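Those protein sequence lines, which keep their order, are chains A and B.
For what it's worth, UniProt numbering labels the leading residue of the first sequence as 1, then goes sequentially.
For what it's worth, UniProt numbering labels the leading residue of the second sequence as 1, then goes sequentially.
Think of the hints as simulated: they come from the structure by calculation, not from any bench.
In this text the structure is predicted, and so the values were computed from the model without any measurement.
Yeah, the Cβ is synthetic: ideal placement off N, Cα and C, and Gly gets one too.
Certain hints may be false.
One-sided excerpt, in silico: chain B residues whose CB lies under 10 Å from chain A [to be verified]:
(1) Ala78
(2) Val101
(3) Ala143
(4) Pro152
(5) Pro281
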Amino acid sequence: MSSYSITEPSARQKWIAGTLVILYALITMIPLVWILLTGFKSPADAISYPPKVVFEPTLEGYVNLFTTRTRQTPEFLAANPPQTWADEIVRQYDMVIAGPSKFGERFLNSVIIGFGSTFLSIVLGTLAAYAFSRFKIPLKDDLLFFILSTRMMPPIAVAIPIFLMYRQLGLSDTHLGMILLYTAVNISLAVWLLKGFIDEIPREYEEAALIDGYTRFQAFVKVVLPQAATGIASTAIFCLIFAWNEYAFAVLLTTGTAQTAPPFIPTIIGVGGLDWPAIAAAATLFLLPVMIFTILLRKHLLRGITFGAVRK
Amino acid sequence: MAEIVIKDLRKDFGDFTAVQASSFKIEDGEFFMLLGPSGCGKTTTLRMIAGLELPTSGEIWIDGEEVSQKPASARDIAFVFQMFALYPHMNVRKNISYPLVSQGMPRARVREKVAEVARILGIEDILDRPVGGLSGGDRQRVALGRAIVRDPKAFMMDEPLGALDAEFREHMAEELRALHDRMGATTVYVTHDQLEAMQMGDKIVVMNHGVIEQFGTPQDIYDKPATLFVADFIGSPAMNFLKFTGQVEAGAVEVAMHRHRFMIPEMREAFDGDMVFGVRPEHVRLSDAGDFRGEIVASEYLGTTQIVTLKTPGGRLKARIPSDQVARTGETVALGFDPATVTLFDSQSGRALRSDLNEGVLGHG
Numbered sequence: 001m002s003s004y005s006i007t008e009p010s011a012r013q014k015w016i017a018g019t020l021v022i023l024y025a026l027i028t029m030i031p032l033v034w035i036l037l038t039g040f041k042s043p044a045d046a047i048s049y050p051p052k053v054v055f056e057p058t059l060e061g062y063v064n065l066f067t068t069r070t071r072q073t074p075e076f077l078a079a080n081p082p083q084t085w086a087d088e089i090v091r092q093y094d095m096v097i098a099g100p101s102k103f104g105e106r107f108l109n110s111v112i113i114g115f116g117s118t119f120l121s122i123v124l125g126t127l128a129a130y131a132f133s134r135f136k137i138p139l140k141d142d143l144l145f146f147i148l149s150t151r152m153m154p155p156i157a158v159a160i161p162i163f164l165m166y167r168q169l170g171l172s173d174t175h176l177g178m179i180l181l182y183t184a185v186n187i188s189l190a191v192w193l194l195k196g197f198i199d200e201i202p203r204e205y206e207e208a209a210l211i212d213g214y215t216r217f218q219a220f221v222k223v224v225l226p227q228a229a230t231g232i233a234s235t236a237i238f239c240l241i242f243a244w245n246e247y248a249f250a251v252l253l254t255t256g257t258a259q260t261a262p263p264f265i266p267t268i269i270g271v272g273g274l275d276w277p278a279i280a281a282a283a284t285l286f287l288l289p290v291m292i293f294t295i296l297l298r299k300h301l302l303r304g305i306t307f308g309a310v311r312k
Numbered sequence: 001m002a003e004i005v006i007k008d009l010r011k012d013f014g015d016f017t018a019v020q021a022s023s024f025k026i027e028d029g030e031f032f033m034l035l036g037p038s039g040c041g042k043t044t045t046l047r048m049i050a051g052l053e054l055p056t057s058g059e060i061w062i063d064g065e066e067v068s069q070k071p072a073s074a075r076d077i078a079f080v081f082q083m084f085a086l087y088p089h090m091n092v093r094k095n096i097s098y099p100l101v102s103q104g105m106p107r108a109r110v111r112e113k114v115a116e117v118a119r120i121l122g123i124e125d126i127l128d129r130p131v132g133g134l135s136g137g138d139r140q141r142v143a144l145g146r147a148i149v150r151d152p153k154a155f156m157m158d159e160p161l162g163a164l165d166a167e168f169r170e171h172m173a174e175e176l177r178a179l180h181d182r183m184g185a186t187t188v189y190v191t192h193d194q195l196e197a198m199q200m201g202d203k204i205v206v207m208n209h210g211v212i213e214q215f216g217t218p219q220d221i222y223d224k225p226a227t228l229f230v231a232d233f234i235g236s237p238a239m240n241f242l243k244f245t246g247q248v249e250a251g252a253v254e255v256a257m258h259r260h261r262f263m264i265p266e267m268r269e270a271f272d273g274d275m276v277f278g279v280r281p282e283h284v285r286l287s288d289a290g291d292f293r294g295e296i297v298a299s300e301y302l303g304t305t306q307i308v309t310l311k312t313p314g315g316r317l318k319a320r321i322p323s324d325q326v327a328r329t330g331e332t333v334a335l336g337f338d339p340a341t342v343t344l345f346d347s348q349s350g351r352a353l354r355s356d357l358n359e360g361v362l363g364h365g
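Please put together the full structure from these sequences, using the hints given.
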């Protein structure tokens, strides 16, 4: 059997390939599964050694994540029996729920800023990419290089100027400020990726629409956009992942109203002991939106990643 | 339907002139061919008529209206692209109805029109299929359907048969011509295939390097080429060119070439200098007796005729003779030319010299 065989792989080859894929999946999945499990452990189980794989699940981590709690006297506890299942859970530590934590707000901030900046990057990026792809623009190559050059250093290198600028402009700790910042970082990626996708769409489609009586913008919306859906979807995923996971700028520029989840999660680390289940619960919830978004768009993503590999 | 008039049309792309000073007129209902090698400006000319490119200067009149600076959507013409450009995210029915939807036509009327067009083109059974899986011929028909559904003033076609395989091409060419005859629509058709142009066109414009070389009926262009380029480009094998230096007077019916005298159509102008004697292969006759002789170096058998290549004092030339006539390689035979068909060219400029043959045909371009 030749190793350059172009025929259907043999049963043994398939078996080896399958094993490798499963091994790789295990290596990448185990940390995620561990985080997921830890979220449902009690603090004692979470730090027990050897680590527990089988344990009694509890929602303690999630309750701790979403609430603030205070310790109370035995008299107070006796006078106020627990009202809900969440009360029961905190009662075992002689505590009562004092109110909601900030996690909900921070998570919502992440959603607003993450999806907001992704949307803006895609809208601006698609229009710019279309213009670069279709029109004669003076100094086109230089402009494209200039756009790309914003990616040539780590964005955090300009953190101090941005910090000062944002303070002057009153954009510090605002949703708008963070959306603009992430859009600015993502837009070069968006323009370059999308230009590649739009270049691949034959101009004749738009020209046919122009002849058929549509304006340039109508042709763009009705003919180019559906064709570029794959590229837009994969670009959106890349943009969202960056904005969603960004930590350094979020720490530096947000403190309260516009703080996103990444800088908030470490602050959960409690007083008098690390609350691993709560941190794991936060991490689990934090993973979900990007996961759902990626699964919804995965059909497009696969084509997006392999685009250009096959001549159509 | 409409008449299209092109006046002094010019298109520059930076320093490159794609089309210069083109003028011609397309009569109402004509099947009009823009013919030339690739890069000659024929597609640019078509795109300017359609409004996909704006001319640098010049005028385009469609149906009595000057449209050269108007957008494509305002010109009411249809365009069939070489790669068809069917909207890939729509099915056949939607593709065909798309131009009507843009006009805001009521849905019932759209359905009716689409059904009518589908019947004309014989594609009723594929109306609800996605365009992705269609064969080349069906795509071609859908593209035509999208063009004719709107009853536009004129059709533009950019090598519409170029994407089809040879066998099917022939069939589609006939279908296209039949469709044109039935609808009587003014059609401008771009091709680099001279056979296609001759077979389908009412009129042909031959272009080269952005310049119109000749404009006329297929027969005029074939028999009375205005330039060396046209004579060479049209016909397979091409016209024979024998280079010589000499002179002719106006009214001459003979020319001296390589110490032989040849009959020619009566000249209408005098010329002195380097000339080219042009004669089509089918107008070369081989015989036993004669002064001007050539050696047979090759022969190709083509069924009813054969193409014989000869070496003569004036250079190589090809003759198309009946296949039953014996022509052995290595033999030396006498050559004669049908006098009425000979064209003399100015070797320097490539221009055909005026004679009884081409008087009245030249000067169009």
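Now for the hints, and whether the structure bears them out:
1. Ala78: Cβ of Ala78/B sits 6 Å from chain A, so the hint holds.
2. Val101: holds (9 Å)
3. Ala143: holds (9 Å)
4. Pro152: Since the shortest Cβ distance to chain A is 9 Å, the answer is holds.
5. Pro281: Violated: closest Cβ of chain A sits about 39 Å from Pro281/B, beyond 10 Å.
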